[in-house]
Amino acid sequence: MAEAVDLKAIGTRPVRPDGVEKVTGRANFGADLSLPGMLHAKILRSPHAHARIKSVDLSGALAMDGVVAAISGKDLPGGGDLGVNILAKDKALYHGHAVAAVAARSAYIAEVALDSIKVEYEPLNPVLSIDAAIADGATLVNESMHTNGDTSQPASNIAAITKFERGDVEKGFADADVVVEGEYRVPTAHQGYIEPHACTATINEEGKATVWCCTQGQFDVRSMTAQCLEMAVSDIRVIPSEIGGGFGGKTTIYLEPVAVKLSAISGRPVKMVMSREEVFRATGPTSATLCRTKIGAKNDGTITAASAWLAYEAGAFPGAPVGPGCMSVLAPYDLENFAIEGNDVLVNKPKVAAYRAPGAPQSMHAMECTIDELARKLDMDPLELRLKNCAEEGTVAPYGPQFPAIGLKACLEAAKEHPNYTTPPAEGQGRGVAVGFWFNIGMQSSAEIRIAENGAVTIMEGSPDIGGSRASMCLMAAETLGVPYKTINAHVGDTEATGYCNTTGGSRTTFATGLAVIEACEDIITQCKQRAALTWELDVDQVDWQDGQAVPKPGVNADVKPLSLADIARSAGRTGGPLLGRASLNAQGPGASFSVNWTDVEVDRETGKVDVAAFTAVQDAGRAIHPSYVEGQMQGGAVQGLGWALNEEYIYDANGVMENAGFLDYRVPVTSDMPMIDTQIIEVPNPSHPYGVRGVGETPIVAPLAATSNAVRDALGFRINDLPLSPPRVLEAIDANG
Amino acid sequence: MAKVHVSTTVNGQPQEVLVEPNDSLLDTLRDGLGLTGTKEGCATGDCGACSVTLDGRLVCSCLVLGVEADGKEVGTIEGVADGDGLHVLQQKFLEHAALQCGVCTPGFIVAAKALLEKNPDPDETTIRYWLAGNLCRCTGYDKIVRAVQDAASELATPA
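Just so you know, the sequences run in chain order L and S.
Residues are numbered in the numbering used here as their position in the first sequence, beginning at 1, plus a constant of 52.
Residues are numbered in the numbering used here as their position in the second sequence, beginning at 1, plus a constant of 6.
Possibly wrong hints are sitting among the right ones.
[Said to hold, decoys possible] Taking lysine to aspartate or glutamate and the EDC-like style, the derived pairs with C-alpha atoms no more than 20 Å apart in a straight line are:
hint : chain 1 : residue 1 : chain 2 : residue 2
1    : L       : Lys538    : S       : Asp127
2    : S       : Lys9      : L       : Asp117
3    : S       : Lys9      : L       : Glu163
4    : L       : Lys60     : S       : Glu101
5    : L       : Lys605    : L       : Asp593
6    : L       : Lys461    : L       : Glu163
7    : L       : Lys60     : L       : Glu571
[What the hints assert, rightly or not] Okay, the calculated bits of chain L under chain S, using three or more residues with CB under 8 Å as the criterion:
hint : region
8    : 82-91
9    : 517-526
10   : 714-721
The set of hints was computed from the structure by calculation and includes no laboratory data.
On a predicted model such as this, the values are computed, not experimentally measured, just so you know.
For glycine and all other residues, C-beta sits at the position ideal for the given N, C-alpha and C.
Excised from the complex, chain S in its bound form (with noise of 0.2 Å):
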């Protein structure tokens, strides 16, 4: 098979990457720009440890193509702290011991800031429902939940 020549947006930043017809874009993130932050584990859009948002909206890497990507923008974890520190949401992740292993946190992570921004004042099941599509195995969601409502009551205080 030829690859394909794909220009995308990662993070805000313009990118070229030659990807084969059938990778998944969570492929061409981890092998063809080496952005290994988002990660692999089921390749069926079941976990959610893939989330990645396409446009601003979130979805399972492993379920779009490489391809797909094309004159899209994509947003993964590397994006998330901005230059100049931390996204409250990680700090929160951190505060609240809301990771164990930390392979499931990019998903989280991402998920949760995808869930803030559309919904700043989300309630405990509104989080929990959101949040059904990323599997944690280490830490029975409980500390997950409280840093992301933490979180988000941070972000609603006036700075």
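Here chain L stands alone, though its shape is the one from the complex (with noise of 0.2 Å):
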């Protein structure tokens, strides 16, 4: 099924329908919309990292000129730890944290306003590191936490402990020739979207309320905002605008239940829009983290056992990437003996939320760098150490599946004969390689095509469009019905217009809600076969559909004009009505996508700053359905990971305040400070998709952190550990290593 022949669409690289859209500024983003009548509304944060919140006095703003209404933690009393978050209520749990909400007529009014709100604090002693969280005595950010919900336990800031093993590993190290350990930090960083959160809400009369949004999932938007308001689903309307990326940290609400509240109390719309500074200081970032990996292997480079051992940053509230973090860490290899275990740990810090490949870039830093010694100690290409050892079709993943077919060992081959590899890097450069891997995600989509009476097809689905999937699922439609992608349109419905959808994450959409794009193509396919049948007046199975028309099955003898979808729709209403196909599943068997990285870099031993010289990204696919955006994707988190890995953390001062919150200081990478980054995609098709399409948006940037730590560490000598790769941090190694 997968080894699908003769494409004709799948694989070309058309101008996405949403383009032109959004190449003339027309496309609607999150913060374009007005309402009449609206009112703007701005948060009041905590300026302490830890601390009671004693009182919460309104009527100072809610006298001022324009100012309509306010709200602080007690107007919004659902939805648990995300509700907290939202708008904090006994504790302020990091700098930052907002505390209340004012809407006016105006935001500069809604600001000037939010100074007159008085707040009373009790501030307490922040905890501000992994270390610090997990020693004896530590204050607590959640008095009752208790690790794993073991109550007979004391309190603790570490809320869950995650384990897999398999084998004896003690004995795995005892038979190794060769042992290489190491502990390794990598800070938080930020998904760092372009466009700040924002939305706009309404509510009349009857409870029923609107909300505009850049989000992910408008559907996950639409409950969660239904708990945090105690409010039913079916009460929500939810309308996703186009967003301005995401990256995982716009799955989940901040502004939302806001906005709905202040509607509620002003009877007028509300628009939210957050400073760029509140989308540092207070949007989900992703975990710092503390590794400490361990290999040991036989001389010729079998891996005979490996064991980590993560800890990684929450925020607040529980939740940091660690289960996916301990998934991810060993995933590349085929081993007889591990151990993992992963901690999720709270600070006081913003709530942790989703980055792409949510904590897999952590983990297998650490174990891509400690790979790189085991080569450097076995004197191994690190390619073909990592081909020795690596998982194929059959191996049993650390966390649990067996592997359908896999393209690792595919990339790792295609890299060694790659012309970037075989070619040395330049003199005074460093190489490094590092394996990525991200497990993909299925889960539940719905689509609907829709036949318009000269034959156009309108895809209506429920995932946003994040990087060009309105054009994948026109592409697979294309290919699909046999008709022109030119006469197919996508559209990314509101929660009322399209069939429910999950969120737009995890590498799922060209996967899953594909399937359901192509489902509902075959119930189309479907219909226009009975439609001909009744008007060749031949049984349904005498027909065929063959590139984009319908035609009797060959030894049918039938003297008929084969029928196209336009012959069809154009005479629908004779043959039973409109033509309209669906599909909605729960999608099982995404396939797990690997990769293969390498970088060269220059140091600058009087600046310390690391140049990217070159970086080669090759990446299994499955299938690419339109290639330019797969390469896009590989770009893009080549690009991410390493501005993660040379410069991007967030710096805090001795009360938990960050000192970076802005793109001036907090400095993601810019055009100049990049090289091309080039592609290969290699196509090993995932066994559960007709198209053989696995995810490709996470597993980029995995790799890049390791591959340029390894770069480094070729270029200086000697390796240094933590992340990011600054001028200061590299600087302060070269002087200490002489």
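Join the two chains, each given in its own frame, into one complex according to the hints.
Structure representation (structure tokens):
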């Protein structure tokens, strides 16, 4: 099934259907909506990283001219941790934690009015690192938190411990000729989407709310907003705007319940737009981590045992992506003996949110650096060492399932042959190699296919398009229906316009929503065959669908002309009514995606600055539906990973105040920092998808961290374990190493 | 604060607009004139999503006051395509898949157009440094740079 032959549309590179809107400024993003009579709301945020909130007095703000409504935590009773994160209740848990909100005639008036809200705080000692959080006698972020819910043990900042084990690790290490171990830290990094969070909400006298917002998942916004406001999901309609980047950061909510509540009080629409500073201080970054890794191997490179101890900062609420960190850390290897432990650690920092392959870049940074050190000790090529131990079809993954066909070996072999690898790095440069992995997800999707009277195809689906997925949907529909790409358009529906769909994330959209689109197209084909059979007075099993037309099957004696989709659509009123295809599913078998990356870097020994001279990404896409957008994912993920490796980090002062909450000081890569990013797409089809699709979005960010670290190691002749490899850290290390 | 009357020209059209003295040009364009193609990514001049031209010079509209547009000519993304079709840069951004989410795209196109008007034949390094004030978090810049290179070479080819 996966070996699709003679593909006509899939694999081509047409212009995306939403393209013209986006290059002309017409496309509407989160902050672009205005409604008549609209108010603007702003959030008051905690100046303390950890404090008891003794009282909140809104009266000063409410007395101001132009202020219409104000709320605090007690006005938002539901939603559990989510609700507490959106508006603090008894405690402020990080610097920037929302405490109150004001709606006013203008954003400026709302901002000024925040100063007139009186909040009485009792500051508490903030917990600001993993080491501090897990130390004996640590201050507790949450006094009622017990590890894994075990109340027989004392309260702890470790919310949960996850373990994966197999075989006999001690014996494995004892059998090894060489053992390598290390301790690695990766700092907090932000998704850094260019569009700040924004929403507009209105609620009528019947209690029916409408929310417009930029999100990766309109259905999750609906259910989360409903929980926080203790409303029925059916009373909230969520209309997703275009989304200006998310990378996981827009899979949760911060503003929507506040806007709905303020609209309910004021009787007017309420718009909220975060500033960039608020985005940094109060929306989900990803975890800072501490990872300890150890690998034992025979002299021939065969790994005999591996272990990983991972601790991930969750922010002030449980939920660090340490589970996926554990799942990923050893996924590229076929191992008899391993032990993995992951710790979800509370600190007084913003609640982490998903960030592209959540949890994998940090743990795999540690392990892929350790593998690199092993290769050095064994004097083996780093690709050869990985080839010797790599997971293949049939390997049981460390997290349980047996891999079906996977492309790791194909990626490693392609890398070995690649001219960018066979050519050595330039004089003075270092090269680093690493492997990336993401397991990918399926989950629920719906799609509807509507055929216009002229045969034009409209896809209605529910996955916000964050990087060209409408084009992928149209290509898969063109391939399945056998009609030209140009005759197809795809729309992302709101919660009332389309069937339920899980959030765009986990690299699920092209796989799972794509499956729904393909099945809905197959539904259309079934109907077209029925309509043609009716027209031709044949049995439906005497009709075939070929190249976008109904034709009599070979051997069927019928003197008829083929009927195109347009022919059938034109006469649909006489054959049973409009053509409407649909599918809904819970997609299984997403198919893991592996990558191999390498980079050549040059280190300026006087300044400590690392320049990226070349970067190559090889990745298994299963089948590239629109190769340009697959390359785009690989290139974009590479540069995000390079930014994290080289510069990006949250810098806190001793009180837990982020000192670099802006794009000037939290420096993401800019055009002049980067070379071209070379890509090679490998296609080992996913057996669970008719065209072989694997998700491709997450994997690209995983390997660049270790690849960069290993390249700097190669260039300097010694290793710097912690990220980022920013000029001050590199310079300090150069000075320390003479 | 009393609003200030501003007479300006936007994309060749005369415009009258009332602005708050503390409104940025970005606020004036988006909220005063309804031209929401220009985006706010930071409001501190670090991301370039709000790039426009002011009397032909590339600026971050978040760093200019709305009142400063009085008597000046403003160029925004809405004025890049002429009545006949897309500008070559817009076409090349589409053909090269040089956008993913698209929120930085208006700023990149306005900035790249300003570059090509100043320097019709920029090399890769020149393009990368000129566009260093525009952040894109999706593409890794590769396809953006290629789109600008391709647009430059197409503009240089006699029709």
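Results for each hint:
{"no.": "1", "hint": "L:Lys538 with S:Asp127", "result": "violated (34 Å)"}
{"no.": "2", "hint": "S:Lys9 with L:Asp117", "result": "holds (17 Å)"}
{"no.": "3", "hint": "S:Lys9 with L:Glu163", "result": "holds (18 Å)"}
{"no.": "4", "hint": "L:Lys60 with S:Glu101", "result": "holds (19 Å)"}
{"no.": "5", "hint": "L:Lys605 with L:Asp593", "result": "holds (8 Å)"}
{"no.": "6", "hint": "L:Lys461 with L:Glu163", "result": "violated (56 Å)"}
{"no.": "7", "hint": "L:Lys60 with L:Glu571", "result": "holds (18 Å)"}
{"no.": "8", "hint": "82-91", "result": "holds (count 3)"}
{"no.": "9", "hint": "517-526", "result": "holds (count 3)"}
{"no.": "10", "hint": "714-721", "result": "holds (count 5)"}
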